[in-house]
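*Asks:* I would like the entire structure built from these sequences, with the hints used as guidance.
Those protein sequence lines, which keep their order, are chains A and B. For the first sequence, position 96 matches number 96 in my numbering, and the numbering has no gaps at all. For the second sequence, position 2 matches number 2 in my numbering, and the numbering has no gaps at all.
For the record, the hints were derived by calculation from the structure and aren't laboratory data. Note that CB positions come from ideal geometry on N, CA and C, so glycine has one too. One or more of the hints may lead you astray.
[What the hints assert, rightly or not] Straight-line C-alpha distance at most 25 angstroms; calculated BS3-like pairs for lysine-lysine: (1) K21/B to K102/B; (2) K21/B to K159/A; (3) K102/A to K21/B; (4) K102/A to K21/A.
[Stated by the list, open to error] Okay, the calculated beta carbon distance ranges per label pair: (5) Y206/A to R118/B: 22 to 30 angstroms; (6) T145/B to S25/A: 19 to 27 angstroms; (7) T174/B to D143/A: 49 to 57 angstroms; (8) R118/B to D156/A: 37 to 45 angstroms.
Number of protein chains: 2
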Amino acid sequence: MREHYHEQLQEISANLIEMVKLTESAMERATRALLNSDLSLAEAVISDDARLDLLAQQIEDQCVSIVALQQPVASELRNLVGALRMSATIERMGDLAAHIAKQARLRYPNASFPTELRSTFSMMGALATSGVQKLASVLETRDLTFAADIAASDEDMNKMHRELFTTVLSPSWTHGVEAAIDVTLLSRYYERFADHSVAIARRIAYIVTGDLPSRSQLAENA
Amino acid sequence: MREHYHEQLQEISANLIEMVKLTESAMERATRALLNSDLSLAEAVISDDARLDLLAQQIEDQCVSIVALQQPVASELRNLVGALRMSATIERMGDLAAHIAKQARLRYPNASFPTELRSTFSMMGALATSGVQKLASVLETRDLTFAADIAASDEDMNKMHRELFTTVLSPSWTHGVEAAIDVTLLSRYYERFADHSVAIARRIAYIVTGDLPSRSQLAENA
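*Replies:* Shown next as structure tokens:
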């Protein structure tokens with residue numbers, strides 16, 4: 001029974017890591033769809049999102065079944081509750097990647113942003129993707145230096161998000177209201193996505209150390 | 001021991017209902033702060049948000065402790081997992097109310113929206129507030145006709161959200177880019193808030209009936 005139990009715990013952990021990897025791929029492809037106005041790639045990201053919802057539901061069912069049939073000790077329970085919370089957050093990150101893909105689809109065959117912002121969105125996409133990639137590493141290794149990197153790169157993301165606001169509000173913005181709104185919403189999706197990565201990294205730190213670090217405490221070890 | 005157990009379950013339920021009521025108050029006050037450019041009210045909403053974060057953490061600790069010390073049966077576990085998920089969502093709704101208050105603070109002493117949109121935001125605030133009020137009723141009574149009302153009024157919210165997009169993008173919009181972005185973000189906060197109410201209503205329906213209804217299935221009984 002105990003052996004089966006450890007198998008079940010490992011299944012939950014594997015499902016969580018699969019969710020993170022699917023989210024990483026969703027973000028990478030959503031950004032590519034956005035940068036290249038690639039409609040079929042955008043459609044793929046949108047339809048693949050259902051898999052994340054399914055995995056989150058599976059993790060919930062697995063957690064309920066393991067608690068009902070086994071008697072997990074306190075530290076294992078902390079892990080299970082952590083898995084539940086993290087899966088809900090990763091599901092939302094998948095939604096944000098899908099929002100980016102939907103924005104690309106909405107303006108297709110046109111771009112959703114003026115050409116001069118291409119490198120900005122390319123960088124935001126790279127930051128978001130690498131953050132969630134590191135999240136998989138923290139989950140697999142429990143090495144919190146990855147968590148610190150996630151918090152540090154979130155600060156870069158916030159800076160870019162603020163700069164984009166300044167750009168669309170400056171008198172030299174000549175692309176009109178629709179483009180300003182598109183850029184603002186896209187920027188917000190990237191910023192929220194990275195923010196969720198930090199929230200998950202903090203939660204892993206809590207599981208590992210027993211203390212929930214603030215964002216700046218987490219970044220200090222980068 | 002069983003008696004103490006039922007007390008613990010009731011505490012969790014009471015904390016959840018307190019969270020919903022605090023969120024209702026936060027949304028009502030945030031909307032008032034927005035409509036009247038009331039800085040001190042906005043500040044109060046922002047600082048009160050910490051209480052919601054604390055309650056969500058408390059619910060998590062209570063769930064872990066109850067599962068560790070008692071052996072909840074499957075239906076009770078489903079309730080506990082539901083409480084965990086719902087508290088995380090309500091925490092996010094509180095964040096959205098705080099975002100609205102922050103927007104009011106950002107433009108103080110000016111308004112965040114042109115005068116002709118006053119009634120729109122007033123209605124969005126009323127819809128969001130009444131949705132979360134009904135959520136407290138579903139939680140307290142498990143009467144799913146309230147849940148149906150929540151889903152139905154979310155459709156009104158979505159319609160207003162789409163209409164605001166049309167307004168800020170129309171050639172007759174004369175208030176510039178900054179106001180267009182303010183209005184778009186505010187509208188998105190209200191729409192997300194109402195959307196979370198529906199997600200929670202669906203989850204309660206799942207706990208009560210064992211089936212997770214789609215949004216349109218939930219609305220059908222309104």
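*Asks:* Decide, hint by hint, whether the structure agrees.
*Replies:* A quick look at each hint next to the structure:
Note on K21/B and K102/B: the hinted pairing holds, with a Cα-Cα distance of about 20 angstroms set against a maximum of 25 angstroms. Pair hint K21/B plus K159/A does not hold up; C-alpha atoms about 35 angstroms apart against a cutoff of 25 angstroms. A hinted pair counts as satisfied when its Cα atoms are at most 25 angstroms apart, and K102/A with K21/B does not qualify at roughly 34 angstroms. Between the alpha carbons of K102/A and K21/A the distance comes to roughly 20 angstroms, so the proposed pair stays at or under 25 angstroms and holds.
Taking 22 to 30 angstroms as the suggested C-beta distance range, the pair Y206/A and R118/B does not conform, at roughly 44 angstroms. Between T145/B and S25/A the C-beta distance comes to about 42 angstroms, which lies outside the given range of 19 to 27 angstroms. Taking 49 to 57 angstroms as the suggested C-beta distance range, the pair T174/B and D143/A conforms, at roughly 55 angstroms. The hinted range of 37 to 45 angstroms is satisfied by R118/B and D156/A, whose Cβ atoms lie roughly 38 angstroms apart.
Of the numbered hints listed earlier, those contradicted by the structure are 2, 3, 5, 6.
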